[in-house]
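2 protein chains.
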Amino acid sequence: MSTSGRELCLLHLGIGQVGRALVQQLLARRQELQADYGLKIRYLGLATSRGALLEPSGFSAEELQQTLALAATKRSLSELGSGDFVASIPEAIAIAGGWQLPGAVLIDTTASDELAPELAQALGRGFDVVLSNKKPLAGTLAEYQALQDACRQSGTRLRYEATVGAGLPVIHTLETLIQTGDELLEIQGSLSGTLGFICTSLEDGLPFSQALERARRLGYCEPDPRQDLEGLDVARKMLILARRWGLPWEPEALQLESMISNELSQEPTVAAFLARLPQLDEEYRQRAEGARASGQVWRYIATVSPEGGSVRLAAVERESSFGQLRGTDSLVQFKTARYRESPLIIRGAGAGPEVTAAGVFGDLLALAGVL
Amino acid sequence: MSTSGRELCLLHLGIGQVGRALVQQLLARRQELQADYGLKIRYLGLATSRGALLEPSGFSAEELQQTLALAATKRSLSELGSGDFVASIPEAIAIAGGWQLPGAVLIDTTASDELAPELAQALGRGFDVVLSNKKPLAGTLAEYQALQDACRQSGTRLRYEATVGAGLPVIHTLETLIQTGDELLEIQGSLSGTLGFICTSLEDGLPFSQALERARRLGYCEPDPRQDLEGLDVARKMLILARRWGLPWEPEALQLESMISNELSQEPTVAAFLARLPQLDEEYRQRAEGARASGQVWRYIATVSPEGGSVRLAAVERESSFGQLRGTDSLVQFKTARYRESPLIIRGAGAGPEVTAAGVFGDLLALAGVL
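Chains as they are written, first to last, in the numbering used here: chain E, 1 to 371; chain D, 1 to 371.
Possibly wrong hints are sitting among the right ones.
Far from chain E, some chain D residues (derived; all Cβ distances over 12 Å) [what the hints assert, rightly or not]:
(1) 305
(2) 308
(3) 343
Residues from chain E that face chain D, not an exhaustive set, calculated with beta carbons under 7 Å [what the hints assert, rightly or not]:
(4) 169
(5) 325
(6) 329
Where chain D lies over chain E, by a calculated footprint (3+ residues, C-beta under 8 Å) [stated by the list, open to error]:
(7) 21-29
(8) 170-182
Think of the hints as simulated: they come from the structure by calculation, not from any bench. Cβ coordinates follow ideal geometry from the N, Cα and C atoms, glycine included.
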């Protein structure tokens with residue numbers, strides 16, 4: 001069971017903020033991991049949606065930095081002198097899979113909803129897979145099961161700590177509870193930094209439209225903030241937890257309550273949507289006030305149990321773990337047979353490139369036996 | 001990196017409450033782990049301080065249950081018909097080590113402060129070691145380093161999730177932060193269910209002596225409650241975190257503030273100590289009231305950073321994560337470069353046989369590559 005002499009051979013899809021942070025973290029730890037654990041990190045390839053650069057002997061730190069710099073300018077990786085350029089990701093997987101390297105890992109730090117077939121292909125070709133991309137695990141149940149089947153048939157492994165709560169040990173904790181035979185009763189989470197921030201702002205008396213405006217200014221929102229307000233990202237995270245629990249749910253199984261009306265969701269532009277947003281201020285002011293009067297606050301809470309799942313605004317006691325949550329922090333709470341009286345709670349910054357990349361890095365180290 | 005065909009070959013020291021809970025958890029999951037991961041669990045031996053029963057082909061579930069039943073009556077394991085009885089633990093380690101089994105793991109769920117040499121011996125003979133026993137990691141620095149050296153020289157591994165916060169993922173989180181290159185700034189913890197309960201009771205207006213009486217009645221205390229009140233158990237946990245951080249501390253490096261005076265600590269009997277306890281009620285009443293007046297509460301808090309470590313009663317804001325802690329829950333908070341604004345917090349039941357055994361079980365599964 002020794003880890004000495006291990007190698008991680010990485011084919012990495014997605015060189016956005018998370019992908020770049022991951023490369024930097026890996027480079028910063030590369031020498032120490034080799035010295036302390038004999039663990040080598042060989043970077044076989046880096047890919048964007050427009051193609052991959054491959055190098056079987058592994059890129060140097062300098063070549064990786066050049067690739068990141070080029071990708072940041074949105075130019076094609078084909079312009080770089082190092083490595084072989086391959087125009088498509090399936091082709092890159094086929095080529096790198098053909099090298100039959102032990103310790104081969106495919107990393108997906110994209111936000112693409114089209115990569116599930118490629119990930120299944122990679123698992124079938126002997127790659128372990130590590131994701132921060134939620135979409136391949138939160139699509140149809142058939143897609144999800146195809147990934148599990150590919151793992152089982154090939155003896156490869158799929159890890160995804162960073163998909164829920166970024167670097168917080170949410171998946172690790174769920175996995176440990178299940179594998180040590182605890183009985184899960186309920187999982188609840190506040191899993192959107194954006195919506196957490198808005199809920200806290202409403203509690204502090206800010207009008208809804210101004211709370212959103214502040215969240216946008218601080219960089220907490222998607223370019224179209226409706227993507228946050230509709231709750232879909234939270235629903236994806238909860239679906240991932242539910243499926244790992246063993247609940248065979250299609251995405252529709254989760255009751256999803258948007259923070260805005262259908263009408264506002266359908267405004268043709270972000271500007272038109274924002275212009276109409278103050279319409280909601282009075283409603284949210286009343287809600288906040290009503291809750292305050294009874295010692296409660298509103299939180300956007302996702303709940304999963306065998307009885308069902310929901311993602312919605314809920315009034316909770318101010319003194320509860322969710323009521324005490326502030327700002328953009330994420331919180332996940334596991335009620336189990338062993339943690340029935342006192343649920344197991346994990347809380348902290350649950351979004352951002354650095355902590356998300358750290359979640360991916362931790363998975364890589366677990367695959368290598370270092371964690 | 002596949003886990004198929006793995007085996008865990010266990011030599012288990014300590015058949016108290018935690019040890020028994022662990023055997024039951026392992027038995028309950030044995031078949032599923034084999035079916036899902038090809039992981040076999042072979043129980044080579046069970047030991048108390050008075051000797052071990054060994055069986056190289058592994059004990060059956062029935063034999064394990066018989067051994068537990070016998071150990072619960074405090075009778076010698078030599079009375080059992082199954083396995084070979086060996087009178088000392090070093091001898092048991094020597095014999096089982098001689099079998100040269102891959103996947104050999106020594107488990108220490110005792111509370112003994114004398115086993116550090118045996119654990120080093122086991123690591124040297126090819127056993128990985130998993131502990132819930134804090135004492136081998138919280139003795140002299142030389143003892144601690146001898147264990148680390150034995151790991152390095154033999155390529156074996158030492159895991160100890162259950163030593164801090166029982167089944168809560170405290171060590172996993174610390175390890176992940178370190179291995180992914182985060183910069184630790186400060187670790188704080190409320191790590192005694194007993195002292196947490198007493199602090200909450202003081203906050204609720206109960207006199208100190210009655211708070212302790214209630215904690216005793218609920219079974220939260222050691223037979224001699226001064227062992228809790230003096231804070232030594234909390235200090236051991238913090239020393240384990242500090243050493244993993246890389247701080248080369250002797251136990252004396254931690255400033256330790258007892259909740260009772262030296263004079264009371266030195267009473268010859270528990271009864272004499274308890275009789276004098278109401279002496280402290282007025283002091284603690286004033287403390288609680290003084291804190292309340294400024295929106296604060298008292299918590300027994302351990303702090304570690306490169307500047308030093310302390311374990312002491314501290315007044316904290318009622319709104320802080322520690323101020324919001326209630327009852328016997330444990331809480332650990334990591335401030336790091338990545339979690340500077342919002343510390344990473346883990347909270348929940350941090351003591352008890354079931355959750356402690358689960359911490360050990362999780363470590364075993366990590367060694368086998370299942371977690």
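inquiry  = Need the list of violated hint numbers for this structure, in ascending order.
reply    = 3, 5
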